[in-house]
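Student: Here is what each chain is made of, one letter per residue.
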Amino acid sequence: MSMEKILDKARLNDWIAALAKGGDWEVHAPALEDGVWTYKPVGDAVRMDHPNTKQPPKGFSFPQREVFFSFEQIKGEAPRLTQVMPDPKRRAVFGVRPCDGRGAVRMDRVFADNVNDPYYQARRKNVAYVGLACNTPPAATCFCKSVGGSPVSTDGLDILLTDLGDRYHVAAVTETGKAMMAVAGSPLADAAAADRKQVKQVHGEAVAQPQRAVNNPEAAPAKLKASFNSPLWEELARACIGCGICTFLCPTCHCFDLNDEMTGTVPIKGNRVRTWDNCQFPDFTMHSSGHNPRENTAARLRQRVCHKFQYFHENFGMLQCTGCGRCVSECPVGIDIVAVVNKVAEHVA
Amino acid sequence: MINIQDIRDTARDLLAKGEVRAVIGWRAGSRGMPAEPVVITAPEQADELVWDPTCYHNLALHLVEDRKFLAHARKTAGAPIGIIAKGCDARAIVVLMQENYFKREDVYIIGVSCEGSGMIAEWKVARQLDGAVPTAAAFAGDEFAFATAAGEKRLPAREVMADRCLECRNPFPKEHNVALGEDKTGRALEAPFAALARFETRSEGERWEFWQRQFDRCIRCFACRSVCPMCYCEECVVDSINIAVAPETTAEEKANRIRWIERSAVKSENITYHMTRAIHLAGRCVDCGECERVCPVNIPLRLLNNKMEREARERFGYEPGASIGGPSLVASFRDDDPGAFIR
Ligand code: SF4
Ligand code: SF4
Ligand code: SF4
Ligand code: SF4
Numbered sequence: 007m008s009m010e011k012i013l014d015k016a017r018l019n020d021w022i023a024a025l026a027k028g029g030d031w032e033v034h035a036p037a038l039e040d041g042v043w044t045y046k047p048v049g050d051a052v053r054m055d056h057p058n059t060k061q062p063p064k065g066f067s068f069p070q071r072e073v074f075f076s077f078e079q080i081k082g083e084a085p086r087l088t089q090v091m092p093d094p095k096r097r098a099v100f101g102v103r104p105c106d107g108r109g110a111v112r113m114d115r116v117f118a119d120n121v122n123d124p125y126y127q128a129r130r131k132n133v134a135y136v137g138l139a140c141n142t143p144p145a146a147t148c149f150c151k152s153v154g155g156s157p158v159s160t161d162g163l164d165i166l167l168t169d170l171g172d173r174y175h176v177a178a179v180t181e182t183g184k185a186m187m188a189v190a191g192s193p194l195a196d197a198a199a200a201d202r203k204q205v206k207q208v209h210g211e212a213v214a215q216p217q218r219a220v221n222n223p224e225a226a227p228a229k230l231k232a233s234f235n236s237p238l239w240e241e242l243a244r245a246c247i248g249c250g251i252c253t254f255l256c257p258t259c260h261c262f263d264l265n266d267e268m269t270g271t272v273p274i275k276g277n278r279v280r281t282w283d284n285c286q287f288p289d290f291t292m293h294s295s296g297h298n299p300r301e302n303t304a305a306r307l308r309q310r311v312c313h314k315f316q317y318f319h320e321n322f323g324m325l326q327c328t329g330c331g332r333c334v335s336e337c338p339v340g341i342d343i344v345a346v347v348n349k350v351a352e353h354v355a
Numbered sequence: 057m058i059n060i061q062d063i064r065d066t067a068r069d070l071l072a073k074g075e076v077r078a079v080i081g082w083r084a085g086s087r088g089m090p091a092e093p094v095v096i097t098a099p100e101q102a103d104e105l106v107w108d109p110t111c112y113h114n115l116a117l118h119l120v121e122d123r124k125f126l127a128h129a130r131k132t133a134g135a136p137i138g139i140i141a142k143g144c145d146a147r148a149i150v151v152l153m154q155e156n157y158f159k160r161e162d163v164y165i166i167g168v169s170c171e172g173s174g175m176i177a178e179w180k181v182a183r184q185l186d187g188a189v190p191t192a193a194a195f196a197g198d199e200f201a202f203a204t205a206a207g208e209k210r211l212p213a214r215e216v217m218a219d220r221c222l223e224c225r226n227p228f229p230k231e232h233n234v235a236l237g238e239d240k241t242g243r244a245l246e247a248p249f250a251a252l253a254r255f256e257t258r259s260e261g262e263r264w265e266f267w268q269r270q271f272d273r274c275i276r277c278f279a280c281r282s283v284c285p286m287c288y289c290e291e292c293v294v295d296s297i298n299i300a301v302a303p304e305t306t307a308e309e310k311a312n313r314i315r316w317i318e319r320s321a322v323k324s325e326n327i328t329y330h331m332t333r334a335i336h337l338a339g340r341c342v343d344c345g346e347c348e349r350v351c352p353v354n355i356p357l358r359l360l361n362n363k364m365e366r367e368a369r370e371r372f373g374y375e376p377g378a379s380i381g382g383p384s385l386v387a388s389f390r391d392d393d394p395g396a397f398i399r
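Read top to bottom, the protein sequences are chains B and F. Residue numbers for the first sequence follow this note's numbering, so the first one is 7 and each next one is one higher. Residue numbers for the second sequence follow this note's numbering, so the first one is 57 and each next one is one higher.
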């Protein structure tokens, strides 16, 4: 039987304090900073009335920059390597929207299921996502439903909160979530039958809200595959300026680059660093010969869209895109992945 | 007020007569609003064109892209390319021509005046509409009219205009082949450099602290660079390919290329990036404000470029984008320069 509780909104901060004290959790929640919703370590006042955050919570398990190891070579001696593992601090992230929970599932496929990335896993096992169901009308750019998600999806989350006006309905999704709900000093109370009924109704209404849609998403992988050599890509990418907004804000983009950053020359010293890479940049997959298989914005847009709707599907049996809409709302020139997929599907036999 | 039909007729006519090979303009976006840049090549596409307060993109960027595209494809241009240009787009085109990036005869400028208003700042609209999602925006004199699910909403233009437009002194594209709309040169709704002046009331220490925090927030998506028509370098110092690679370039040379800026989006590297960019734009930035508009984390980049612009104006009486034949701030040299060091 799943665990369902009720939390008086006025006592949200008490629960967070209990998690910090009793569970040794470092709690993060969205805060409005410079007009941008950003996950921040929680101060004393948490308000969870945010739309989705500008950046997904992806950075908690896959930060934009991380050091793998440091190196040092004293002349005449063997080089010394020191592995740098992430801080084992446990972090609870509040207010994660369902599309971003589904983003975490996809990141896990890449870094935890398929290959064994110790850095990713070290972070991931210490992060808990406390989701917040979307029961207000979706943003104009949301399309989670048409890519297999839902505004009340629990995929990838440890707990799902649902706003019921003056209180939250709190549902455990994982064992970690259960433990967090039962933390010493927790102000959560048992959910009454009326609460359960209300949450069902609220969820039903949320799912019924109209959204934009990718038409026939099941057919998208095959359609995209057939479009590889289509001249349509050039037309679709005509306005593209080649910036990195779409992928740096995406909850599922995971391409990275490795570099040595020098910190000293005598002795030679430095760090091996992983940073996010970006398929929209002109130097992405540039070979050392100078040749680039994705040499223009058309090939790079195709890469991004086909990765989300075809290649990932071929590799993992699911669409990579979770419909969060960030790449749509933030694109400086209005390139719209929903419109692109639909247009390609229309034009390809 | 400009009638959209006039823009469409002009574009259609030019394409039909073969006077231009394409026209760069705006069409409705896939969600209705905002508009999106488009390049049309056939007369019948002219009916797609729109002109509304979301036509904020500096289309000069797409002229730059067109030139790069032709160069890579080793094609010659043939007929000129047409472009619909606001005041700031036209200023950018002038700077590009001053720098010999294009010849005047290769570009046909269809000027459109922003007249009494300008373009919206979406965050200001969102603040005023209180949750209502607009699906279209239109000019309406001193107001903008927004279509929303709850019917039409009108907002005073001044309340929701982008800062760059409030401070704009040249909403009329002086350089043009044909111009539509009224010439309202000199109409700044706010004092020029007003946002900068407000910022500069802070102490030096506060300003440094402010910028350190802002640069710390930068995620180095490079949208500010990508959107800027003046950032046309084929290889940018911040990219990992900042050496020209030829077949005879050795592995050693590639490995030892100078890395001016590390890939890590950390404060030190971000500061170097932004300082390099600000210096490279001195006397060139036309204050189209696009870099500030596109920044996903709201870093107020206009403040940096405006600072350089104001210095140039106050010290040298220089205004970027004023005339194609005029001297350029950093690239021109005079035999009778008063500074002995330069002669
Ligand atoms: S591709 Fe776009 S809409 Fe899909 S998950 Fe990424 S940012 Fe969100
Ligand atoms: S800066 Fe001036 S010319 Fe440019 S959009 Fe604004 S008002 Fe128009
Ligand atoms: S657009 Fe903003 S976040 Fe992106 S590189 Fe420029 S300043 Fe940084
Ligand atoms: S620096 Fe910014 S304001 Fe200046 S021309 Fe470039 S994009 Fe426009």
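Honestly, I wouldn't trust all of these hints.
[Said to hold, decoys possible] Lysine-lysine pairs mimicking DSS-like chemistry, simulated, CA-CA at most 25 Å apart:
1) F:Lys310 <-> B:Lys275
2) B:Lys275 <-> B:Lys27
3) B:Lys60 <-> F:Lys310
4) F:Lys230 <-> F:Lys159
5) B:Lys95 <-> F:Lys323
Please keep in mind that the hints were generated in silico from the structure rather than gathered at the bench.
Student: Would you mind marking each hint as holding or not holding in the structure?
Tutor: Status of the hints after comparison with the structure:
no.	hint	verdict
1	F:Lys310 <-> B:Lys275	holds, 20 Å
2	B:Lys275 <-> B:Lys27	violated, 40 Å
3	B:Lys60 <-> F:Lys310	violated, 36 Å
4	F:Lys230 <-> F:Lys159	holds, 17 Å
5	B:Lys95 <-> F:Lys323	holds, 24 Å
Consistency with the previously given hints fails for numbers 2 and 3, ordered from lowest to highest.
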